[in-house]
Every structure is written in structure tokens, then in C-alpha cells.
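Same order as they appear, the protein sequences are chains A and B. The opening residue of the first sequence carries number 0 in numbering that gives the first Met the number 0; numbering runs sequentially from there. The opening residue of the second sequence carries number 0 in numbering that gives the first Met the number 0; numbering runs sequentially from there.
No lab work stands behind these hints: they were computed from the structure. Keep in mind that a hint or two might mislead.
[Said to hold, decoys possible] Taking CB as the label site, the calculated pair distances span:
#: 1; chain 1: A; residue 1: L68; chain 2: B; residue 2: G69; range: 51 to 59 Å
#: 2; chain 1: B; residue 1: P295; chain 2: A; residue 2: V168; range: 57 to 65 Å
#: 3; chain 1: A; residue 1: T139; chain 2: B; residue 2: R279; range: 54 to 62 Å
#: 4; chain 1: A; residue 1: A128; chain 2: B; residue 2: R80; range: 25 to 33 Å
[Unchecked claim] Residues from chain A that face chain B, not an exhaustive set, calculated with beta carbons under 7 Å:
#: 5; residue: F87
#: 6; residue: A103
#: 7; residue: L110
#: 8; residue: A140
#: 9; residue: A276
#: 10; residue: W279
#: 11; residue: L282
#: 12; residue: I288
#: 13; residue: Q291
#: 14; residue: L293
All values reported here derive from a predicted model rather than from experimental measurement. Even for Gly, the Cβ is constructed at its ideal location relative to N, Cα and C.
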Amino acid sequence: MLLIQQIVNGLMLGSVYVTVAVAFTLTISILNFLNFTIPTLFMVAGMVGWGLAFFGLPFGLGGPLPWPLALAAGIAVAVACSLIVERFTFRYMKMKHGDSTEHAIPLVSSLGFLLILENLVRISYGSDAQRFPGPGADLTANIGGIFVRVPQLVSFVLVIGLILGLVWVINATRTGRGLRAIAENPDAAALLGVEPNRVVPIVFMLTGMLCGLAGALFAVNYGEVSPQMGEDIGSKAIAGMVVGGLGSLWGAVAGGVIVGLIEMLTIHFFGADTVQAAVWGALLITLLIRPQGLFGHNAIGKGKL
Amino acid sequence: MSGYWSGIITLLSINVVFAYGIYLAVATGQLNLGGAGFQALGAYAAAWLCAEQGWPIWATLGASAVVAGGIGFAFAFPILRLKGVYLVLGTFAFAEVVAGVIINSDALGGAMGLPVPEFIDWNVPAIAAVCVALFCFYLMSTRLGLAVRAVHDDDVVCDLLGVDVRLVRVALFALGAALAGFAGGLYAHAYTYVEVQTFNASLSIYVLLYVLLGGAQTAWGPLAGAAFFTLLPELLRNTLPAMKSGLYALFGAEGSMSPPDESWRFVALGVVTVLMMVFRSEGLITRTMVERISHPFRSTRKEAL
Numbered sequence: 000m001l002l003i004q005q006i007v008n009g010l011m012l013g014s015v016y017v018t019v020a021v022a023f024t025l026t027i028s029i030l031n032f033l034n035f036t037i038p039t040l041f042m043v044a045g046m047v048g049w050g051l052a053f054f055g056l057p058f059g060l061g062g063p064l065p066w067p068l069a070l071a072a073g074i075a076v077a078v079a080c081s082l083i084v085e086r087f088t089f090r091y092m093k094m095k096h097g098d099s100t101e102h103a104i105p106l107v108s109s110l111g112f113l114l115i116l117e118n119l120v121r122i123s124y125g126s127d128a129q130r131f132p133g134p135g136a137d138l139t140a141n142i143g144g145i146f147v148r149v150p151q152l153v154s155f156v157l158v159i160g161l162i163l164g165l166v167w168v169i170n171a172t173r174t175g176r177g178l179r180a181i182a183e184n185p186d187a188a189a190l191l192g193v194e195p196n197r198v199v200p201i202v203f204m205l206t207g208m209l210c211g212l213a214g215a216l217f218a219v220n221y222g223e224v225s226p227q228m229g230e231d232i233g234s235k236a237i238a239g240m241v242v243g244g245l246g247s248l249w250g251a252v253a254g255g256v257i258v259g260l261i262e263m264l265t266i267h268f269f270g271a272d273t274v275q276a277a278v279w280g281a282l283l284i285t286l287l288i289r290p291q292g293l294f295g296h297n298a299i300g301k302g303k304l
Numbered sequence: 000m001s002g003y004w005s006g007i008i009t010l011l012s013i014n015v016v017f018a019y020g021i022y023l024a025v026a027t028g029q030l031n032l033g034g035a036g037f038q039a040l041g042a043y044a045a046a047w048l049c050a051e052q053g054w055p056i057w058a059t060l061g062a063s064a065v066v067a068g069g070i071g072f073a074f075a076f077p078i079l080r081l082k083g084v085y086l087v088l089g090t091f092a093f094a095e096v097v098a099g100v101i102i103n104s105d106a107l108g109g110a111m112g113l114p115v116p117e118f119i120d121w122n123v124p125a126i127a128a129v130c131v132a133l134f135c136f137y138l139m140s141t142r143l144g145l146a147v148r149a150v151h152d153d154d155v156v157c158d159l160l161g162v163d164v165r166l167v168r169v170a171l172f173a174l175g176a177a178l179a180g181f182a183g184g185l186y187a188h189a190y191t192y193v194e195v196q197t198f199n200a201s202l203s204i205y206v207l208l209y210v211l212l213g214g215a216q217t218a219w220g221p222l223a224g225a226a227f228f229t230l231l232p233e234l235l236r237n238t239l240p241a242m243k244s245g246l247y248a249l250f251g252a253e254g255s256m257s258p259p260d261e262s263w264r265f266v267a268l269g270v271v272t273v274l275m276m277v278f279r280s281e282g283l284i285t286r287t288m289v290e291r292i293s294h295p296f297r298s299t300r301k302e303a304l
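Okay, chain A solo, but in the shape it has when bound:
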């Protein structure tokens, strides 16, 4: 019974990883860009949400906001940050040298943004973990002897709905067709009338939304936010994405769940200190034995989504 409980906990934890892993996968498969700001956007949504619910608006414009409004504002800030990142990683960037580290330019730029955002949050709100004044983790439901916290259950359902919606957007809408065209071949897509400057920001908007939502859900579920909260989630989501397969949406979903399960089962059997080694070991082994992951394709950024 305890084991089943752990598996259920792993699934719930996995749903947060899934959201962030899907955000990673979107930018990698469409833009061939490993976006290191994603964990930071997750953190920004949580911390700004907390800041607004605790301190109120900057410049003394208003008192503390109720927590749902504060979290919504946090998500909006994450989306705004993501769009700023787009400006400086893709919009003004001219590929001009043709050497082998060229693909790294947006990646390095996103590392720069990681430093900026994370440290600005530290400067504004301090680097300590803070209690988030939400509905908390007190509400639990007992389903056949398995305890599930209600906020977790709600966010689990929400995440599933969100991913189905995302799949619909990508497969069935005009925007989604543009995204797939860019993923396949940016130059050909541009020739055939897809405007990269309009479509690429959509990727970043979706990324910001996914990360922001994940951050908000995390804040509500665990009742705690900190400037470091993105690092752990980000590394688990990257691991999930690679294990599931780079460039495959469903691979990211499966990988996120797998990492959630690995984490809970490692804690159950070996203790909390071994989690990091187990998760990253899974990533490393996947990369060495089957680089394309469980559900991935051989080449990334080549028309796969």
C-alpha cells in the first residue's frame, strides 16, 4: 500500500515536471534551442506571485493582492519575461560565422537571462524560501486508502487538459501549422508565407505560459516558493525530456512522469540523497545508449513535434 501511495505521489509530482518538460520540448523541437530560462520563468511566476500576495504592487500602487490574482499576475510576468528573452535570443540575432558553436549563441544568451532573472528576484525578494499563503496542502482526499491532496489532483487534471489543448493547437490550427513548418525548415517556411517574427514569439508565449502555470501550481501545491525552486524542477524536467526523447511532445509527457516515479521510488527505497544521482544517471545512460530517448526521433529540430 505504501508503495502504491508512493507511485501516486510520483504521478502527481510528475505532472509538474511534465509541464516544464513540455515547455523545454517546444523550444527544442521548433527552434532547436535549449532554453535555459525555462526553470527561471517557473521560479519567476512563483516568486512574483508570492511577492504580490505578500507585499502588494511595486511603487506602492496597491496593497497585497488575493492569492489567485497574484498568481495570475505572476504567470503574466513570466510570459512577459519570456517575450523579452525572445527579443534578445532570436529577433536581433544574425547568424554570421558558420562555425560549429554557432547553435550555442541563443543557448548562451539564455544562460545570461537565467543569471539576470534569478538574481533580480533574489535582490527584490531575498534568497530565503517563503511560505505561500494559498489554500495549502491541508485538503486531502482519501480514495480507497490512497491519500491525494486536492490541489494536487486539481493541478494534475489541469495539466492533462493543458497538454491536450496544446496538442490541438499544434495539430489543428493555422498557428500550429506555422509552428510545424518552422520546425521542419525555417527558410522554406519563410518563403511559403510563414512569418518567423510572428510565429516564434508564439513559441515563447506558450513556453512562458506553461512555465508560469507550473510555477503557480507548484506554489499552491507545496505552499512554498524560493528563488532556487526552478533549479531542481528544471533539472528534473530536462532529464524527463531527454529520457522521453528530445523533440517529442508525448515523449516529454512520458519522461516527466517517469522522472517523477524514479524520484519517489528512489526516495522510497534508497533515501532522499540519492535522487539527484538517480535522475541524472538515468539521463546520462539514456544519452549514452539511446540518445534519441524512448519516443524521440533521430534528428532534432527537423520537422518533429
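Once you have looked at the hints, place chain B on chain A.
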């Protein structure tokens, strides 16, 4: 010499050696985002051999380079099959696995860390840094250095012209790992304490940024990058408090928080990174720049004709 300056020189020297370790991998077009892992290997090798086996300093420093270089060599064969984003993730995962293994091994002190009984003053790291820099300049001027530059610019053409691309990459990666480990050994003796939390993902990111911002085309790059970003916070020491109180006024969050001063340094590093990637993505010091400075009276226009 005062403690303040000897501290700065020690830090600067260790960073320079470390940056050259990452530079050797980047020079062949391989982004090594696992620098902290190799530094941790070297630091722990030196600490353990010094504390448990009683080896003299020169032996532990040598051993730190050999251990990290050996593991880097063994790791380079499978990992350098990967390219681009996969390679970045693979090296990143390597560093996390190293940290995970160290934190779980009781012989190395686990999360507590290891004290190092032998202390070295600023002069040893300084001499080491000078030697490493001279070695890297020499290396880049040899036939191997020429091959490295060629592999970085176009590996396919290199292969066609008879350069063993794989050998060059593995050799430089392993050599770089040895230097990173050597930097770890210097760190262990200079600070007389190693704990695994020091060698985190941020450290890998910073050192990679030093190299890329300094410029990976010539051996001057890592020197400039490491020096600039180690000395920058010292130069900014006076202007920082004013900027900080300005931001406090903006967010109205004074009093209860104690934001670490370190944060500003990283915000500056992030801003410089983003701007550099937009305006001068090849790094501060480029090959043409070095040629122009070293031959100030040679007209480039004449050569072109």
C-alpha cells in the same frame, strides 16, 4: 602582501586555470557545461589524497589533474559522439552525477565535505596559472593547435583533409578536463576545505561564460574573460550599495530582506552575456583582433589585394 590582494590573486589564478580547461574543449567546438564536475573530481582527489594518504602537495596537485583527466578521457569517447544540444546536456548531466556520487559516498565526507590539512598561499596558484596559460598559448601555436582551430571551424572539411577529428576532440576534451581538475586541486589547497555544494551547476555556467565572452578563437579569450569577471566585482564594490538602495526604493522591499551582494555581480554578468551575444557573439577577443594588434603596421587592405 595583504590578505585582500592575495585572496583575489588566488581566486583569479584558479579561475584562469579552470577557464583554460573549458577553453580547450570549446576550442574544438564542444561546449563543455560540466566544468564543475571535473573541478570537483580534482578537488576531491587532492583533498582525499592529502587528508587520508598524507601525500605532499606537489603530488596531490598532479594527482588531481591525472584523476580528472583520466575520467575525462574515459568519458570523452562515448560523450563526444553527441553533438550540439545533446553534448551540452550530456556534460551537464555528468557534473550532476559526479556531485550525486560524491554526496552519497561516506569516504569523501558526503554532504559535510572534507578538510584539507595542507595550505598553499597565493604564489602557487599564480605560478600555476602562468604556466597553464603559457602551455595553452604554446599548444595553440603547434600543429595540433592548427588542427583544433580547423576542427572548430569545419569538422567535415577537416576530416576530408586528413585530420583525425575524433582524436583531436577527445585529446582536447581530456586535456581540458585535466586542467579543470588541476584548478580543483588548487582550490582544495587554497581554501583548505572542499564541499560538493561549491561545485554546482552555476559554477559550470559561469566558467563557460568566461570562455565564450572572452572569446574562444584565441588563447587570449579565457584569460581576458576570467580576469574581467573575477576583477569586475572588486571594481564595482563602491557603486553597488547606491544601485541597491535605488532598487529597494523601487520595490519597497527594504528591511526584512537581506539580499546578498553577490547578486549584482551575476546580474552584470548576465547583462554582459546577453549584449555580447547580440553584438559580438564571437567573444571579446577574436583572431583578427589579435593579428591586428600584433602587426599594427601591416595594412590589411594591401593583403586583400
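Violated constraints from the hint list, given by number and in increasing order:
Hints 4, 8, 12, 13, 14 contradicted; others consistent.
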